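Asks: These are the residues of each chain, in order.
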Amino acid sequence: MSWIDIGHIDDIPLRGARLVKTPVGCVAIFRTAEAEVFAASNACPHKAGPLSEGIVHGGKVTCPLHNWVFDLNTGEAQGADEGRIATYPVRLDAGRILLDGHAVGKRSAA
Amino acid sequence: MAQKLIVIGAGMASGRMLEHLIDAAPDAYDITLFNAEPRGNYNRLMLSPVLAGEKTYAEIVTHDDAWYAARGVTCRFGEKVLRVDTAARIVTGEQGALPYDKLVIATGSSPFIIPLPGHDLQGVIPYRDLEDTEAMMALGAGKRAVIIGGGLLGLEAAAGMAARGTEVDVVHIMGHLMERQLDEAAGYLLRRSLTQKGIRVHCKANSKQILSDGKGHVRALQLDDGTELPCDLLVMAVGIRPSTALGKAAGLEVNRGIVVNDQMVTSDPDVLALGECVEHAGAIFGLVAPLYDQAKVLAQTLLGQKATFVQKELATKLKVTGCDLFSAGDFAEGEGREDIVFRDPARGVYKRLILEGNRLIGAVLYGDTGDGAWFHGLIKDATDVGEMRETLIFGPAYQGGPAADPMAAVAALPRDAEICGCNGVCKGQIEDAINAGAGDLGAVRARTKASASCGTCTGLVEQILGATLGDAFVLPTAQPICGCTDLSHEDLRRLIKSQELKSQEAVWQELGWTSRNGCHVCRPAVNFYLLADWPLDYVDDPQSRFVNERNHANIQKDGTYSVMPRMWGGMTTPQELMAIARAAETYGATVKVTGGQRIDLLGVRKEDLPAIWADLNAAGMVSGHAYSKGLRTVKTCVGSEWCRFGTQDSTGLGIALERRLWGSWTPHKVKLGVSGCPRNCAEATCKDVGIVCVDSGFQIGVAGAAGMDVKETERLVDVRTEEEAIDWTVAFIQLYREHAKYLDRPYKWVAKVGLDWVKETLADAAERQALVERFDLFQSVYQKDPWAERAKPEAARRFHPLADLTLEAAE
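Which chain is which? The protein sequence lines are A and B, in order.
Going left to right, the first sequence walks through residues 1 to 110 as UniProt numbering numbers them.
Going left to right, the second sequence walks through residues 1 to 811 as UniProt numbering numbers them.
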């Protein structure tokens, strides 16, 4: 693991998301509860809708373009839709959000 | 060798008979069908919706040439039958003679024309067939029509023509309208409702003569008291009489109609008859349900099966938009008969039940006809209602026990209860279709035709689905918002108000949401309801809004956004245009003029939104809310300021309305239009609120639509001053905000609550004022430019990525 500090949890609205640009493309950082964050691919496998703009509910996000729903724990599409988004290791340390640099294609931390 | 069958007349009864016959035994007969009208079968009952513009002729055709061709029926349309020789068993038409083994006479009826002086003038017509309907449709706006006859047919003709803008007078000889179906009080309510639609009703009016314009065309109707009602078209809708001439000439037994027995056989064993031309047990027939019963019996008789036609108690429903009327049984006053009457003038509801002993013998319902079928069932079955007499008038829901379930009422109906009057479908047929696999409304419609015509019985059909399928069917009326709750939108709105729930958490906790914090379906609705009901207590939650409203721009398919500055009433200036052009150039946007009189800048990146907003703000422009469930545009024409026809300053009024309403949140988007004259250049008559300026003031229409559905506005009120026009508009929108289901446009909401209720609520000056005040209070919190707020550096930061790891990688 190679943890990179990408910001403070309060930079992300509760039940919202922010983007991080990475070598593997845009990664969305979701905040689902007071102190719970997830990282996943920003692009919906259906028509590449920006998932960071979707409504976040429970541990899930709904794509803003055509309402596909993804579980942020597993990345699996819910209901009748089939597909999966990549998820990435992320953790909180004293309010700071740490993303695994290796997983998003970044060799070493600063 | 198949027997030869000749059918004379291609009306609704014969069409249904042929369906039964051919379905059961496709090869039993070699069939020839004569029809004097140059076409096949259509649903004559649906002529009124055609006249009113709700349906087209193509939609009411039940059997077209292809249908007959596919079934090997020889059609001789447009050819009159001259005579029938029952001894030789030969039918002679204009094009030649043809032998038969069996003959079916279905010649229907002819409209009755009162032999008033002048009845043969041009422009005097009955209301019977497509040609008559077309003559009425062709008359159009600004012309005048007089209708003689205040019965079912006459009133449907009147409403249809009035809806097309024709000025209509109805002349009725009796003291109240539809006196055969309604009592005086219900007749009065009906008259009031028609008068509100602009139809002039003259009861107790005797027609004396029809006056000519001197060139052989009708000019006016003169009444006994000397009154002259000018008209361009005079429609006689005073009744029908069976067409029996052919049968009489053939030597068949004829009284008022061609006499048939229980098997639909005439006095000649090889000649059968059905429909409006027959007389059975002393009765003749004008409604469609018994004709369909006859069709079935006749088809079975032709196939040598034993069947018996039985006359049933009938109910009448009026198919005039906005008049909810039901009548069944006998309601005349008499010895030993008692009335139960329920009146709610404010809601325009009137119900009257007539009892004889412990039996219900008649029912008249106006304004709320939902229980009609239940009452009809009690009448038909002569049920003992002694036990429930006290609560009878409140309908099946109040009869205690399991009947509190609306499903129980329909479950209790007998199998032969008529559900769909248009197509003569009874409960048993619907149940059979469901048991054979029809699992939803669409499938039931396709198989039985129930609810496929005027649609007033849709609710009942759904209840039968529910009662038959049990748990497998969810009633759409009580559909929960989403999987997080069992509550419907309506219940949620009610509970938020009554339990004073003022936060999302309170809703989830108190109302037992099954999910942690809702989902993408319920959260935007909950957010709106809380916002609309508690503007001072609740804080808007952007995370419960769809991306467009959260980012105050429309997301496009590639993830870029479109930006649309507001143009008040469609007005702009060279300075604004230059600023828009500069912004487009700076941010690489595509420029598109929209259908709502604005300019759209397409293809802007999310990160650039705060900057382009700041630029447009600097030029004095604010967000056009082209993305919001709120006020979108007020479309205008140039009005009296520039137009030689403009009667009022429609542009000024549009701007005033837009300034008052912009930035508000509503259940769905709201679009307005203000036209300076009835030429309607701003297309105000298909908007949520559309105002048409006229010399005398402002005509306010509401509940129009030009989206998934296209619908003309209905008149809310006419007012004299601009101030009143604004007040009524604001009050209407506030009423909509307080009551509608999230994502229902005003036309859907109005269809649910009824325009009459909206009108009556808003007509109360104090209530109107209170609504305006509540709207203004809301606006004091929420009317602000979202662009300006988000263009500030603190908020603008959120439009940029949280981090950019690609840059670091390059270091």
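FYI, nobody ran anything at the bench for these hints, they're computed from the structure.
You may find that some hints are simply not true.
Claimed, not checked - When the alpha-carbon atoms are kept at most 25 Å apart in a straight line, the in silico SDA-like pairs for lysine to any residue are as follows: (1) B:K557 / A:H46; (2) A:K21 / B:K792; (3) A:K21 / A:G79; (4) B:K197 / B:C677; (5) B:K752 / B:R768; (6) B:K792 / A:H8; (7) B:K557 / A:H8; (8) B:K312 / B:R343; (9) B:K296 / B:D262; (10) A:K21 / B:N554.
To be verified - Covered stretches of chain A, as calculated for chain B (at least 3 residues, CB under 8 Å): (11) 43–53; (12) 69–81; (13) 85–94.
None of the values given here were measured: they were computed from a predicted structure.
C-beta: ideal position from N, C-alpha, C; glycine also.
Asks: Now look at each hint and say whether the structure bears it out.
Replies: Structure-based check of each hint:
At roughly 12 Å between alpha-carbon atoms, B:K557 and A:H46 fall within 25 Å of each other, so this suggested pair holds. A hinted pair counts as satisfied when its Cα atoms are at most 25 Å apart, and A:K21 with B:K792 qualifies at roughly 23 Å. A threshold of 25 Å between alpha carbons decides the hint, and for A:K21 with A:G79 the separation of about 29 Å lies outside it, so the pair is violated. Taking the CA atoms of B:K197 and B:C677, the gap is about 20 Å. The hint holds against a cut of 25 Å.
Of the pairs offered as hints, the one joining B:K752 and B:R768 holds, with about 20 Å between alpha carbons and a cut-off of 25 Å not exceeded. Proximity of B:K792 to A:H8 is assessed by CA-CA distance (about 21 Å); at most 25 Å being required, the pair is judged to hold. This hinted pair does not check out: B:K557 and A:H8 have alpha carbons roughly 31 Å apart, beyond 25 Å. At roughly 29 Å between alpha-carbon atoms, B:K312 and B:R343 are farther apart than 25 Å, so this suggested pair is violated.
Restraint check for B:K296 and B:D262: satisfied, since their Cα atoms lie roughly 12 Å apart, inside the 25 Å limit. The hinted pair formed by A:K21 and B:N554 meets the criterion: a straight-line CA distance of about 23 Å does not exceed 25 Å. A stretch counts as covered by a chain when three or more of its residues have a beta carbon under 8 Å from one of that chain; for the region 43–53 of chain A and chain B the count is 5, and the coverage holds. For the region 69–81 of chain A, the assignment as covered by chain B is violated, since 1 residues bring a beta-carbon within under 8 Å of that chain's beta-carbons and 3 are needed.
Given as covered by chain B, the region 85–94 of chain A fails the check, having 0 residues with a CB less than 8 Å from a CB of that chain where 3 are the minimum.
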